[in-house]
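Visitor: The numbers in the sequence shown follow my numbering, run straight up by one, and end at 378.
Quick caveat, the hints were computed from the structure, so don't treat them as lab data.
Glycine included, every Cβ here is placed at the ideal spot set by N, Cα and C.
The reader is advised that the hints may include incorrect statements.
Stated by the list, open to error - Straight-line alpha carbon distances no greater than 30 Å define the calculated DSS-like cross-link-like pairs of lysine-lysine that follow: (1) Lys168 x Lys231; (2) Lys281 x Lys312; (3) Lys185 x Lys304; (4) Lys239 x Lys122; (5) Lys301 x Lys281; (6) Lys235 x Lys185; (7) Lys250 x Lys339; (8) Lys364 x Lys312; (9) Lys190 x Lys301; (10) Lys231 x Lys190; (11) Lys89 x Lys185; (12) Lys128 x Lys89; (13) Lys301 x Lys231; (14) Lys356 x Lys250; (15) Lys296 x Lys346; (16) Lys312 x Lys368; (17) Lys128 x Lys118; (18) Lys296 x Lys364; (19) Lys312 x Lys357; (20) Lys239 x Lys312; (21) Lys281 x Lys368; (22) Lys304 x Lys356; (23) Lys235 x Lys168; (24) Lys339 x Lys373; (25) Lys250 x Lys281; (26) Lys193 x Lys89; (27) Lys250 x Lys239; (28) Lys304 x Lys364.
To be verified - Taking CB as the label site, the calculated pair distances span: (29) Ala163 x Thr303: 47 to 55 Å; (30) Asp310 x Tyr376: 19 to 27 Å; (31) Ser315 x Glu244: 26 to 34 Å; (32) Arg237 x Asp309: 38 to 46 Å; (33) Lys168 x Asn109: 28 to 36 Å.
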Amino acid sequence: MIFFTKWKLTIILSGIFIVSFFIFIILLLKAPIGFPINTIYTVKQGDNLNSLAVDLADKNIIKSPFIFKVFSVLFGGSKGIMAGDYALYNRQNTITLASRISNAEFGLKPIKVTFREGLNIFEISKIASIKFKKINQDNFSEIASTSEGYLFPDTYLFLPNALAIDIIREMKTNFKNRIKTLESEISNFDKSLSDIIKMASIVEEEARTFESKQIVAGILWKRLEIGMPLQVDASFKYINGKGTKDLTLDDLKIDSPYNTYLYKGLPPTPIANPGLVSIKATVTPVKTDYLYFLTDKKGEMHYAKTYAKHLQNKEIYLR
Numbered sequence: 060m061i062f063f064t065k066w067k068l069t070i071i072l073s074g075i076f077i078v079s080f081f082i083f084i085i086l087l088l089k090a091p092i093g094f095p096i097n098t099i100y101t102v103k104q105g106d107n108l109n110s111l112a113v114d115l116a117d118k119n120i121i122k123s124p125f126i127f128k129v130f131s132v133l134f135g136g137s138k139g140i141m142a143g144d145y146a147l148y149n150r151q152n153t154i155t156l157a158s159r160i161s162n163a164e165f166g167l168k169p170i171k172v173t174f175r176e177g178l179n180i181f182e183i184s185k186i187a188s189i190k191f192k193k194i195n196q197d198n199f200s201e202i203a204s205t206s207e208g209y210l211f212p213d214t215y216l217f218l219p220n221a222l223a224i225d226i227i228r229e230m231k232t233n234f235k236n237r238i239k240t241l242e243s244e245i246s247n248f249d250k251s252l253s254d255i256i257k258m259a260s261i262v263e264e265e266a267r268t269f270e271s272k273q274i275v276a277g278i279l280w281k282r283l284e285i286g287m288p289l290q291v292d293a294s295f296k297y298i299n300g301k302g303t304k305d306l307t308l309d310d311l312k313i314d315s316p317y318n319t320y321l322y323k324g325l326p327p328t329p330i331a332n333p334g335l336v337s338i339k340a341t342v343t344p345v346k347t348d349y350l351y352f353l354t355d356k357k358g359e360m361h362y363a364k365t366y367a368k369h370l371q372n373k374e375i376y377l378r
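Build out the structure end to end from the sequences listed, making use of the hints.
Guide: Here it is in structure tokens:
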């Protein structure tokens, strides 16, 4: 009877131990509470399994480096771990992660991002740095500094591990492809592509409809022809970030090559990235007798042949 009782007790204790062991293992396999959801983890070329397991634990991606290494060997065998960027969209247990990293299952889903017409490189870089974890805003602006005006505004799909150079390259390629539809208009227009894009970037900011863009383009090309400063407010967004409503008389005196009140001719670079409509309007301008224009608070355009009439329009429509 005593032997039977001891045997029964041994079975019970063994059962408790086995259940406890498996519960302990399951708890270790579960993702940590601080698992970094919606991030990208990079396994670098040359990383070894030991250092990787420790780093994953340090970053709250796994709980047990030992268990991760065991399953990595089971899943990967002689292949070892696979370098690359792994998307962590949700909490995942150690077994799943070991399998993914052993078999290069990156799990990256494309991200849709829209860059609207009229954004400059600084505005584009801000959007890109928010959308893509590997992009630094200042670095993007620096790389894109020579591409202002040629980053075509459009909706794009990029992988979440996209770099600044990837996005800039794709936007420039898109520009080259889309501008081909205006090849005849551009070749027939007696201006360089550089000057056309500079002017189109201003037209993009100064007018809304295709018809008004054509009229404004005609006015601005005429100002250049007669040696008159362009005197556009849009360029100040590139100088100090201000729009027409915020400009002061002191702003108009800022010594900058982008100040088209002080300096004649086109600015040194485009001031934004124009869309196809603005580019087309720029190379198909409408000639008028107007020399001045303004946009009222409702977005309506008003034109004038003389400066006196322009001042009158400002009194009427901008009060």
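Visitor: Under the constraints set out in the numbered hints, which ones does this structure not fulfil?
Guide: 4, 11, 14, 20
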